[in-house]
Amino acid sequence: MKRLLPILATTVAVVILAAIPWFGSDVLVQFGINTLLLAVLAQGWNIIGGYCGYPSFGNSTFYGLGGYGVGIAMAQWHLPFAIGMCLGAALAVIFAFLLGLPVLRLKGHYFAIATLALAFAMSAIVSNVGIAGQNIGLVLPPLNNDLLFYELSLGLLVVTTLAVFQLTRTRFGFGLIAIRENEEAAAVMGVNTTLYKILAFALSGLFTALAGGIHAYWITFLDPESAFDIGLNVKMMIMAVFGGPGSVLGPVFGAFVLSTVSELLASEVTTVASLFFGVVIVAAVVLMPRGLADLSRRFRAEGWRYLANNIRTYRL
Amino acid sequence: MKALLEVASVTRLFSGVVAVNDVSFSLFRREILGVIGPNGAGKTTLVSLISGTISPTAGDILFESRSITRLSAYRRGRLGIARTFQIMRPFPGLSVLDNVAVGALFGHGGSGRTLANARERAREQLRFVGLGSVLDRRADELGGPARKRLELAKALAMQPKVLLCDEVMAGLNLVEIDEVIDVIRRVRDQGISILVIEHVIKAIKDLSDRLLVLHHGEKIADDKPDAVLSDERVIEAYLGRRRD
Amino acid sequence: MRVGQADEASEPSCRSNEVTAVTLVAQVLLNGVLLGGLYAIMALGLALVWGVLNIVNLAHGAFIMLGGYLAWYLYSYLSIDPFLGLPITAGVMFALGYGVQRGLLNFIVRAPMFNTLLITFGLDVVITYLAQLLFSADFRTINPSYAGNDIMFGPLIVPQVRLLAFAAAIVLTVGMWLFLLKSRLGRAIRATAQNLVAARLYGVEPRHLYATTFGIGIGLAGTAGALYGAVSQINPYIGAALTAKCFAISIIGGLDNPLGVIVGGIVLGVVESFALLYIGATFGDVASFCVLVAVLIVRPSGLLGRTA
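Chains as they are written, first to last, in the working numbering: chain A, 247 to 562; chain B, 28 to 271; chain C, -12 to 295.
Treat the hints as calculated values from the structure; they're not laboratory data.
Any given hint could turn out to be false.
A short list of chain B residues far from chain A (calculated; beta carbon distances all over 12 Å) [what the hints assert, rightly or not]:
#: 1; residue: Leu199
#: 2; residue: Gly218
#: 3; residue: Lys229
Computed footprint of chain B on chain A; a stretch qualifies when at least three of its residues, placed anywhere within it, have a C-beta under 8 Å from a C-beta of chain B [what the hints assert, rightly or not]:
#: 4; stretch: 373 to 384
#: 5; stretch: 431 to 445
C-beta atoms are modelled at their ideal positions from N, C-alpha and C, and glycine is treated no differently.
For reference, chain A alone in the conformation it holds in the complex (with noise of 0.2 Å):
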């Protein structure tokens, strides 16, 4: 019985999501889209830095390749939207294949910032390509069905959720985990470390660029600068590492809170809500490091102290 609660939680949970376009205005089904891409991003990103445990931050290449995917088959070569994802999804897969290799063997923050530079580059690569529309990009046919590309969305979170919590029940799954707690351990013990994580890292692009390409239809415009757009890389991190990376709905939970609490405050005073994200990301690193899946966790039976306690246990 304890095993059926969570399961029926998030059913009704997905269900009362998918029917919101009915209930709510447009604007909240937009704010609706948005929130589920993130979350799919989020997600996607725990599967190569939450379980793996290998920060990356080129998922917003993945995000770019799987737009221009997109873009490139519907603008140019005027072929359906599935056909443009699966080209997306083809180009991120072979991208994280063929970089993976010599990335993937850089440790801890070496290879952020490999992948940082990675992602700094793709954009000034694509600025140049001709059949992306170089700089100034390229549009897309308009679709005006809000209501496809939401439910669109939240089938893309709930498989890409479904995928995560199967990888926690497979032998591939537990292989991450322990090369995230120990890499040289786990390869002495059996596991063959290079493919699985490049395995994982395909995985995470895979479901970045599916959502690159849902959005980049979504809005029907697509430029180099926004399509590779970092801060989308640090914000999916964020929302990952705030909900608890590592977990299956820590990252779900973070893109939600983390999106609203933006939402409300871009209402209000557009320059402050930026500046609220920022402060929220200190206060959040500084209280409560692992995540909220942690906290809700602890919480319960340490209270407060629980934040003082992570203070402690980190300061000088």
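Following the hints, complete the assembly by docking chains B and C onto the known chain A.
Here is chains B and C on its own, set in the frame of chain A:
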């Protein structure tokens, strides 16, 4: 009798320093081979060479008559070579049970196992080494001696054919040492060959079928324990030259 | 943050009519080296804090930007020359850095590295938007009277401000290297990189030591900002791109040796100048990051670092 593991003229250099120099020996089935030598003699380097963490500058390593010198560490683990680390390497955020389950999943006996099955096997190994009561604790909550047993359990869960133990008795008191000796004997009785690096000479003398002595990276003795311990060169290595 | 738009500071300035191929190459090389000096001082603070305190400061570029604005205000309202006012800029930024470390970063010193990445990112967001609120988004330049002067070295043209900036940068970088090597505080700082207990043996309280080191790092960033403001334009958003560049420089040069940033800075400056000339504006940045990725793959400890 064919050797299970054969180390042939293996040499390893580290930026000009010779850590292991032209060492050759064999490990046979159901054998406990002790490896002793003063600090810095190259014992841990030797184990790292066999387990695949580092590769030799020269020489060859054969397992079940096939060369494994070019295989990466994880492949050797899957073939049946397991090791414990002198500086212990647990998976800190995982439970004790899951730490060992990794070995059951990915080691020699691991292909095709389900998670539940792996955890079951992990439970067995943990009870075997005497950690049955702390299955659900986080690995980083264990104390020193318990961690050493965890290292052992992790290696055993891999269903190895060869077990390389790097100073599993360091820092233990006499009672704990006797317990570890007992565990190692029972492991051997299951058909596993064991290479044991130790500093506690008395313990290893009774435990080993043969003793290997390393000094400055070279093998200076390889024989039955009594013969080795009365060998002039070995005594000299530990105590220095006699002044007559 | 505009990526792909080459730094205005790296555009070649060759006006002579008789430009031979050799002269052109020499000019571009010279531009690259001058730029490199400036880059070196920008990255020095980041490399110091990273190498010693293991703090990866994503807000570093934002502090450079603040230094630039400070120098601009000192010049515009108090008529203090940006070069002469360097001590003031450095001092104020040092105090700021000390405060940030003692009052904020101190709390997560022992946390996983990733937390410092996040918290400094948050700091970057806060600083950038505060700057936007206070200073507006307009571009500003510090234009002392000698701003337009050029010095001629044979056929080569060197803008006076750039030469001054280069000189200041090199002096400061070498000075920092000597400070770390010879002075008691410098050695205590280096000891901290190894071992906190060892640092205590120098008789300096750890928290104070950490805060001082971070303060020095930020002071250097602020100084670099003042120099940057003199040779190029500043606005609240330049931080992110500058941070990225400083990372590249720190890694290329290696974190073990403070002089590494000079090597890294010059390598990057020269690569960018040539890329700008031969390939085009947008590829200046791409070229830098290609170098960075190449170094990371081939020699992760940097060109001057000790091999693992």
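Right, here's what the structure says about each hint:
1. Leu199: holds, 21 Å
2. Gly218: holds, 19 Å
3. Lys229: Label holds. Min Cβ-Cβ 30 Å, cutoff 12 Å.
4. 373 to 384: violated (count 0)
5. 431 to 445: holds (count 9)
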